[in-house]
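Asks: Sequence:
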Amino acid sequence: MPSSTPYDCGDRARTSSRRRSPLCTSKGADTGVTDWPQIAHVYGVLAGMAPSPVVALNHAAAVGFAAGPELGPEMLAPLLGQRALARYQPLHATHADLLRRTGDAAGAAEAYRRAIALTTNEVERAELRRRLHSL
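Residues in the sequence shown are numbered from 1245 upward in steps of one, following this note's numbering.
For the record, the hints were derived by calculation from the structure and aren't laboratory data.
All the pointers check out, no bait thrown in.
Across the chosen pairs, the derived CB separations fall in these ranges: (1) His1377 <-> Pro1281: 28 to 34 Å; (2) Val1277 <-> Arg1373: 28 to 34 Å; (3) Ala1291 <-> Arg1357: 27 to 33 Å.
For each residue, glycine too, the CB sits at the ideal point set by N, CA and C.
Sequences are here, hints too, so could you generate the full structure?
Replies: Here it is as structure tokens:
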């Protein structure tokens, strides 16, 4: 049966996460359109197969785009409380973006400042500062 999405994930029950990318293979999807519901679904499946904080972070980000940003901060809350992730810049940058999209400018500003402080890449730092100043 043909897939109804622009991604070919094969038979998920028989496909090892080690042999296949989480986003599977593109079937020539329109590059201007991102299928966030499908990406969120795939990360949800991956979270069940190979749970990790990074998979949970990516799942929250994808859900935030697929279903609206309100669910993202709730999904990130357990990760934000993990001491091992306190200095993980992508977590704070994702949190900031989700908060910005919900309209929580104060929370977003705090999260952007945290992400900026943890960033060693000057290009990323400039983009995070741009986003902070746009609040």
